[in-house]
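Asks: Here is how the chains run, residue by residue.
There are 4 protein chains.
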Amino acid sequence: MSGNTFGKVFRLTTWGESHGPALGAVIDGCPPRLPLTAADIDLELARRRPGTSIHTTQRREPDKVEILSGVFQGQTTGTPISLIIYNQDVKSEAYEPLKEIFRPGHGDFTYQAKYGIRDHRGGGRASARETAARVAGGAVAQKILDAVGITVLAYTLELGGVRVRQLAWEYLRENPFFCPDPEAATIMAARVQAIKKQGDSLGGIVEVRVQGCPAGLGEPVFDKLDAVLAQAVMSIGAVKGVEIGSGFDAAGLTGAQHNDPLTPTGFASNNAGGILAGISNGDEIIIRAAVKPIPSIAQTQQTIDRQGRPQTISIGGRHDISAIPRIVPVVAAMVKLTLADFVLRQKAAA
Amino acid sequence: MSGNTFGKVFRLTTWGESHGPALGAVIDGCPPRLPLTAADIDLELARRRPGTSIHTTQRREPDKVEILSGVFQGQTTGTPISLIIYNQDVKSEAYEPLKEIFRPGHGDFTYQAKYGIRDHRGGGRASARETAARVAGGAVAQKILDAVGITVLAYTLELGGVRVRQLAWEYLRENPFFCPDPEAATIMAARVQAIKKQGDSLGGIVEVRVQGCPAGLGEPVFDKLDAVLAQAVMSIGAVKGVEIGSGFDAAGLTGAQHNDPLTPTGFASNNAGGILAGISNGDEIIIRAAVKPIPSIAQTQQTIDRQGRPQTISIGGRHDISAIPRIVPVVAAMVKLTLADFVLRQKAAA
Amino acid sequence: MSGNTFGKVFRLTTWGESHGPALGAVIDGCPPRLPLTAADIDLELARRRPGTSIHTTQRREPDKVEILSGVFQGQTTGTPISLIIYNQDVKSEAYEPLKEIFRPGHGDFTYQAKYGIRDHRGGGRASARETAARVAGGAVAQKILDAVGITVLAYTLELGGVRVRQLAWEYLRENPFFCPDPEAATIMAARVQAIKKQGDSLGGIVEVRVQGCPAGLGEPVFDKLDAVLAQAVMSIGAVKGVEIGSGFDAAGLTGAQHNDPLTPTGFASNNAGGILAGISNGDEIIIRAAVKPIPSIAQTQQTIDRQGRPQTISIGGRHDISAIPRIVPVVAAMVKLTLADFVLRQKAAA
Amino acid sequence: MSGNTFGKVFRLTTWGESHGPALGAVIDGCPPRLPLTAADIDLELARRRPGTSIHTTQRREPDKVEILSGVFQGQTTGTPISLIIYNQDVKSEAYEPLKEIFRPGHGDFTYQAKYGIRDHRGGGRASARETAARVAGGAVAQKILDAVGITVLAYTLELGGVRVRQLAWEYLRENPFFCPDPEAATIMAARVQAIKKQGDSLGGIVEVRVQGCPAGLGEPVFDKLDAVLAQAVMSIGAVKGVEIGSGFDAAGLTGAQHNDPLTPTGFASNNAGGILAGISNGDEIIIRAAVKPIPSIAQTQQTIDRQGRPQTISIGGRHDISAIPRIVPVVAAMVKLTLADFVLRQKAAA
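Chains as they are written, first to last, in our numbering: chain X, 1 to 350; chain F, 1 to 350; chain R, 1 to 350; chain P, 1 to 350.
If you are wondering where the hints come from, they were derived from the structure by calculation, not from laboratory data. Hints should not be assumed to be uniformly reliable.
Claimed, not checked - Some chain R residues close to chain X (C-beta under 8 angstroms, calculated; not the full set):
#, residue
1, V9
2, P31
3, R209
4, G212
5, A349
As the list claims (entries may be wrong) - Simulated crosslink set (EDC-like; lysine to aspartate or glutamate; CA at most 20 angstroms straight-line):
#, chain 1, residue 1, chain 2, residue 2
6, X, K347, R, D146
7, X, K64, X, D40
8, F, K347, P, D42
9, R, K64, R, D40
10, P, K99, P, D249
11, F, K64, F, E100
12, F, K143, F, E66
13, R, K347, X, D40
14, R, K143, R, D40
15, P, K64, P, E96
16, P, K347, P, D146
17, P, K347, F, D146
Think of the CB as a built atom: it goes at the ideal place given N, C-alpha and C, for glycine as much as any other residue.
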């Protein structure tokens, strides 16, 4: 039973391969009478678009969305919203050599093992390009969050070992890394250039803060808010770890250190990361995602082909050096999709 | 829309409050003709049972399961398997003082915010006691894994800052901590005793290794194997972070360091943690869960009551010092439930 | 993937075999703070109870429900409501001869074909006894309908060819047939006695009218209100046909005859049966279910055994002559469960 | 929670309005390595296409599908199959007068009541045009049925009171009514012409026979095969009743008449319609659907506008006289989609 749908009330279904004619999304369960235009979505798509800086891939795609249904005279109608983004600038022939070989760190081997057939062109369905549909869906989800007053801030916390030292939101969109610390951003840029020369790639950490989330969202016991956020964020290709609030630091703390005291004006600290017993507590929600380095590197790597014979591979071409920054709006989108779903679920639950 | 069911084909629904008459589970989607007895389940329940060592709570419950349906003459029939565990040794009056006050680090505040009503006795639905039903479900899931040859090993990797230095499986059940390193276990025991005197509690890390999992399990894109494992593990009350394979360490590595080379005899390393592009790759699956310290501590804490007035609270009674070790079989159960579901999903997908 | 759960927001999961220790239901998604007692449910269970009249089976079961979770101090808490009904008066040995033989018109053959194993005692999971859990669930659903002002009236429209000629609600509970026409009820009683002497059984038609349903319930396109009602009602063992409003008569009408004109004070007729384009229109919802004759009859029938050899069978014992009247509250329950789910779904959709 | 997805393992999600730029479907859960081309789907679409005979609407649309994903080199890949059909020949301005008025028998009133907004052009989402996406999905489902050897035959059983007297399959595609009785077809044609002159429309009955279905499909208790077939067929706009096997005739029969005796060579009769206790019994599956007359008629009808004021309406234009024959392939498609889902579900269940 396949897994291309996310959400229970606000449901996003995505489809499309990297080098097919198009990719897209169907959103079912969006309430009626919300204002929505293609421009709203294009704005978000622009943030994850390849080719927006020297730090990201040179594949140039306008990534303009077309709304095919579910919107009438600028408003959602309550029927499914179908979004399509046509693929352009596709150089499939460049992938011909990869038809018979498994790239390390990619899904080539596992897709072959699972399906017995594989669209090898650009990673097919496993391509990061798939996330464009998530970002488009997230832009629609934001309309629901707007009505509640929820804001989702996503940013680079760490890249190639360089860690942010301040959260100065005014810088967030001033640099190509979605980095709230301009000094760190400068060091990150240098780190990216250095590793590029080595034909290697970098990992990092994305952090998300959700502001304005009311207490009461989340559905015990398996659909706890943090549990579904963990699924949402871990479902992004490059993510290897997810933390809420104190995260792995919690393992080394004592109860007296970790418990957030309640006061008449709110929680005195936020180790909980805004979620207690799987339900939002009204405080800021804090999520972190560990992002692995891009597996496509120019350095020569050891691998095998479909016949199991040893091969070497060097992946040139127009690849990013890190999933960051392009993954930042994707993580934000998954958080938005999760929250929009829980906002609607709570309406049914109350 | 509530969230008390886990899984899509192999589905576990749990119910029950800490101080109600009983708690239980209904398993729907279990294939017919698998051998199953109450004793199979009791064995797993014994592992998470309170009162099995001085390190865990003194509430003594036999935790014997009764199978009410779905099994005929020792075999599953394909119909829903209903499991019930009666609550005993319930001292509800001890919780009377907590009726009007919110315990820090617990779900008291958020349950009240969400539902406007709360069974305050022993944490109600938010009690760790709920996990007994998960463990029972996991014992049934194991029957499906047995047929495939999948083994799930769960153990304490870290407790109160004490880290395991070796994985010697023969010691795993020799100490009360499910700790594969006897020396570490001895230090952990001392650490627990020391913190107990301080009226405080400890966090830690649980690690799970899945052996014998075939390549091909997991459903792109949102139901990636790692994504659903993340939800499964994060849905356990005390968990604040989940990692797969390299986890957060991946953020500091380069692609050349992180990629696992493929060789004719398998992967040369396992930073992937057995999962690539959301699909098992045939290697060992490695999952880690960060466990926060138990929030119920004897030390005096600052909090508020239902009227929002400041209060202090000191939680005495028979509480554990750490969710570890009792959480270890719970994490194992959630991994088993996830894998059993994906084994059956793959049968439908192939 | 099994199908023991009904509903998407208000979800009923049932379990249990005819001759197991108990049967029950778990209701997930019931809003908090609704008043609920076991007595509310017992009242509904009494309506479908065997042994309430000479026209129904002599198996005598008190059918008292126990609420095991989800209710605290007389109110629902928003957590799963677990209901259990213990089986009593079970004479399993009477079914021993049926272990190796397939009863005509029953699920014996198909359960064996599907599962390769079968609890033959009293029909196991396929027994009409399973519907007790539906009726219990329907009693909880009614609490949600109460808040909206929805009333569900179910009654016998036809039994053994005897058709009701008037809908006089005051007689509905005055006779054992849930029959709103006392004269018809008298003829039905005679018909039942006559067929009983012949060792045969009777079919009939149940009609349901839903009053007070607001316009706007139902989810196009596949979860139309009439579509899900059709599934709900057809999922009851003996039902072979479902109609909404004009039903099969619509096939013979013209558009001018069938269309219900709209007027400032409502629809001028109700061929729609209260549902247009899958959405309730505010008018009375009308559903009819065709009920086949009970397949267990004393007359000798031709059949085969598990080895495929020809056999004859005569089924004596304490069987009903018709699924009517006991099926009437079951049909009502399925309609209630459907409507409660759509009431909550609409809250999330608006 | 919206309802634009059908199926649990083989899942069809449809989207699109009558007068939007396109409509389409996403199929998730289709197994890999099945042969599939756009031509396979176009063949089915041609059967329900408007303008194929004088008996159907004059809107002329080529209805060519484009496969946007999930198929690689002529084979399914296991990833979502996205299908798009562009709308052409759209005369939206013809619907301008209907913006403020509710057409009797249509969803205009209920869509407005539910959503508070309505795409009035051509019925919007409630248009029968939506069923093109179902037929496209059914063509994909057929690929799964092919592998099992299941054939679905759908035909007109009755139109405008004219009933088929023989099932001569060789005539099925010889007349525009999918009518297996050439004499009946001739009378039907005359009946259609006569009613057209009166500015009125006709209803009818569609029957489906499924051949080659193995025993064992269907999931008790709520997802019985007949229950889900009932939902599937009733979810088609014009359907007011669904029968399985004996259907409403069962109400008037006795058990001795209705039970199908089992013999060493199969069932001696088929009142069950191929389904016992919700599970296929290996016999021919028989389903009937009552189809109401097309509500759009030229005759003057009484109605109201959005302000609730009385109005009259006469609907001219290019409307069909009956949903038959165009609904016939739609009913077939829904049956195929249901069976394909249960075939895959049984793989997971066994």
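Asks: State for each hint whether it applies.
Replies: So, going through the hints one by one against the coordinates:
| no. | hint | in the structure |
| --- | --- | --- |
| 1 | V9 | holds (5 angstroms) |
| 2 | P31 | holds (6 angstroms) |
| 3 | R209 | violated (26 angstroms) |
| 4 | G212 | violated (21 angstroms) |
| 5 | A349 | holds (6 angstroms) |
| 6 | K347(X) x D146(R) | holds (19 angstroms) |
| 7 | K64(X) x D40(X) | holds (11 angstroms) |
| 8 | K347(F) x D42(P) | violated (30 angstroms) |
| 9 | K64(R) x D40(R) | holds (11 angstroms) |
| 10 | K99(P) x D249(P) | violated (43 angstroms) |
| 11 | K64(F) x E100(F) | violated (33 angstroms) |
| 12 | K143(F) x E66(F) | holds (17 angstroms) |
| 13 | K347(R) x D40(X) | violated (26 angstroms) |
| 14 | K143(R) x D40(R) | holds (9 angstroms) |
| 15 | K64(P) x E96(P) | violated (28 angstroms) |
| 16 | K347(P) x D146(P) | holds (16 angstroms) |
| 17 | K347(P) x D146(F) | holds (19 angstroms) |
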